[in-house]
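> Construct the entire structure; sequences and hints are all you get.
Protein chains: 2
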Amino acid sequence: MIEQLGETGLIERIVKRFHIDRQTVTAGAGEDDCAVIDIAKAKSGHKYLVVTTDTVQESTHFPKGITPFQIGWTAVAVNLSDIAAMGAHPFAFTIAMGIPAHTATSFMDKVVEGIEKCASAYNTAVVGGDITRSKELILTGTCLGFADNPVRRAGAGVGDLVCVTGSLGNAALGMKLIEEEIQVQKRVEAAAKKALFQPVPRIQEGIILADSGLVTSMIDISDGLALSLAELAKSSGVGFEIYEDKVPVLSEEIRSAGDFVLSMHGFDPRELAFYYGGDYELLFTADAQVIEKEELWEMLRREVKMSVIGKVVPAEEGIYFCTKIREEKKKEKMEIKGYRHF
Amino acid sequence: MIEQLGETGLIERIVKRFHIDRQTVTAGAGEDDCAVIDIAKAKSGHKYLVVTTDTVQESTHFPKGITPFQIGWTAVAVNLSDIAAMGAHPFAFTIAMGIPAHTATSFMDKVVEGIEKCASAYNTAVVGGDITRSKELILTGTCLGFADNPVRRAGAGVGDLVCVTGSLGNAALGMKLIEEEIQVQKRVEAAAKKALFQPVPRIQEGIILADSGLVTSMIDISDGLALSLAELAKSSGVGFEIYEDKVPVLSEEIRSAGDFVLSMHGFDPRELAFYYGGDYELLFTADAQVIEKEELWEMLRREVKMSVIGKVVPAEEGIYFCTKIREEKKKEKMEIKGYRHF
Chain Y
1193 MIEQLGETGL
1203 IERIVKRFHI
1213 DRQTVTAGAG
1223 EDDCAVIDIA
1233 KAKSGHKYLV
1243 VTTDTVQEST
1253 HFPKGITPFQ
1263 IGWTAVAVNL
1273 SDIAAMGAHP
1283 FAFTIAMGIP
1293 AHTATSFMDK
1303 VVEGIEKCAS
1313 AYNTAVVGGD
1323 ITRSKELILT
1333 GTCLGFADNP
1343 VRRAGAGVGD
1353 LVCVTGSLGN
1363 AALGMKLIEE
1373 EIQVQKRVEA
1383 AAKKALFQPV
1393 PRIQEGIILA
1403 DSGLVTSMID
1413 ISDGLALSLA
1423 ELAKSSGVGF
1433 EIYEDKVPVL
1443 SEEIRSAGDF
1453 VLSMHGFDPR
1463 ELAFYYGGDY
1473 ELLFTADAQV
1483 IEKEELWEML
1493 RREVKMSVIG
1503 KVVPAEEGIY
1513 FCTKIREEKK
1523 KEKMEIKGYR
1533 HF
Chain G
1193 MIEQLGETGL
1203 IERIVKRFHI
1213 DRQTVTAGAG
1223 EDDCAVIDIA
1233 KAKSGHKYLV
1243 VTTDTVQEST
1253 HFPKGITPFQ
1263 IGWTAVAVNL
1273 SDIAAMGAHP
1283 FAFTIAMGIP
1293 AHTATSFMDK
1303 VVEGIEKCAS
1313 AYNTAVVGGD
1323 ITRSKELILT
1333 GTCLGFADNP
1343 VRRAGAGVGD
1353 LVCVTGSLGN
1363 AALGMKLIEE
1373 EIQVQKRVEA
1383 AAKKALFQPV
1393 PRIQEGIILA
1403 DSGLVTSMID
1413 ISDGLALSLA
1423 ELAKSSGVGF
1433 EIYEDKVPVL
1443 SEEIRSAGDF
1453 VLSMHGFDPR
1463 ELAFYYGGDY
1473 ELLFTADAQV
1483 IEKEELWEML
1493 RREVKMSVIG
1503 KVVPAEEGIY
1513 FCTKIREEKK
1523 KEKMEIKGYR
1533 HF
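So the protein lines, in turn, are chains Y and G.
Going by the working numbering, the first residue of the first sequence is number 1193, and it counts up by one from there.
Going by the working numbering, the first residue of the second sequence is number 1193, and it counts up by one from there.
It cannot be assumed that every hint is accurate.
[Unchecked claim] Here are the simulated DSSO-like cross-link-like pairs (lysine-lysine), alpha carbons at most 30 Å apart as the crow flies:
hint, chain 1, residue 1, chain 2, residue 2
1, G, 1327, Y, 1302
2, G, 1208, Y, 1426
3, Y, 1239, G, 1239
[Unchecked claim] Covered stretches of chain Y (chain G as the covering partner; in silico rule of three or more C-beta atoms under 8 Å from a C-beta of chain G):
hint, stretch
4, 1275-1283
5, 1314-1326
6, 1458-1467
Just so you know, the hints here were simulated from the structure itself, not pulled from any lab data.
Note that the Cβ used here is the ideal one computed from N, Cα and C, for glycine as well.
This is the structure we're talking about:
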């Protein structure tokens, strides 16, 4: 148990797992009162520093079956996802850990491994942290990034395309399988749980989109598509028409198992995609002229797995689904609901 | 209760309390996925970015009688103290708050007021944060600063002077008064509790010391003088001779009440100063030639309330107290103990 290591022993054990580039980070985790980063070397000429902080904790964020490695991974990934949503380059990360006294050392080793693996997978150095004794495991990460043209939530204009990376509803399906103890095909279960337990921050996609110069607004989808659309609408002062059948619901891997498997269990994939969180895909708007710039558009579609799911409309029209039945458009107002802490 | 506000209502209520300079912070708390800071405008030419993160939480850090304002203040102050220990200029702060669902809105308003007041008192903008529902109140702050010559823990050389800002043991006295329910003079009680409940980060002092160019190592004293000396000794590879009677024990205000008041209650002021935390003064070493640079030395002593408490000795001599009885030096090894989370 970590109690036996003592605070100094625990810190020493943890910090040696974090690898830093000494040219850039002249003081790393556990080495001094603060981490020290050479700005010129880290920022590579970028104009803006971006900062985000996000907490994951036992009682709220750890679904049954998540491994300690995945807990650590998630603590980093949720922060990186916010960096991705600005189209920024992450470079440094700090982790404050509240740890119950009875926690096994091997458990914390794996949490720390997950933190380091996720950070280093996205060129991010874990430069500092803090440990306290707490009632439940609680991890607060703070991530720093650089950007020249951080993509804001405000900026969508009427007529812009509404797009989303990857597919939605996978993490929600994973949660449903756990909550309702449902048996499905092993590979569906594995894919859904991986989406839930080990989210992938869309760092590379965010950077490519920001660099394209055609993205007008962006946000990550942490609490379901509906809430993220509502946030974007509010910040940009617009409404959205969403083509319901264009929303990429569930990954190919899961869909290939057959919709009947899911419908058999009463899952409405649309519900999962719209009103449940955990996918960490990017929702963004793009200047419609992007389509005319054929080469750029092709590059974006190739490099960033993405779908056009709607268009920006005036604020007074609100946010609605649009389905075409024969040649007739049917509109349906979107409910604004999803995961909320309070 | 904050539950009634809902997550969006709570965030909106909180973020409007945080004042930012829009020239520098182009996206503040609650405005986007990340805060966005214009590096050139914020850093004013400094070479290094420094980062620190620190958590305060109900079950460990909130002594009986602390007000919600002081809880918020402390969450910022403990982070600023780490920035001070590098001799850096703080400029941005993020706060992740785990809040129990039954918390009163007025309570959180005061916590937020404390956060804003402490940050703005030291020219620091609260630029971002996160809220989650948790079992106990837990606040994790992350502070960013800039520095040209961050003062490290490593750097003390044999022969350097050992110095400390302010006075030690005040917060520990406050804690003792609470724990042992002791009545002392009102002004002593008020001063001791203020030291405990609302620590003062030595930002200005840290900057002046770093800028003097004569400080060779520095650390803040969060868990008692003994542990901080041990950390500095380890990082610098040195030992310390501490002149016991030169250590500034208790503030003038408290001392003026008369030592007999304290000794009456069985307090050993030396114990309080050496082995208990919460003072957040700076411990540093300075090149002994500083004394010969009379003007600089006078300036430092005037601008930074400080005491010379010892000198740096070779590592193999360890850390010891030195008292002079008549002309005879008496040495006594220092115990390495103080507050530890695990």
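> Next, verify each hint and record whether it holds.
Quick rundown of the hints versus the structure:
no.	hint	in the structure
1	1327(G) with 1302(Y)	holds (24 Å)
2	1208(G) with 1426(Y)	holds (17 Å)
3	1239(Y) with 1239(G)	holds (15 Å)
4	1275-1283	holds (count 4)
5	1314-1326	holds (count 8)
6	1458-1467	violated (count 0)
This entry does not satisfy hint 6, going by the numbered hints stated previously; all others are met.
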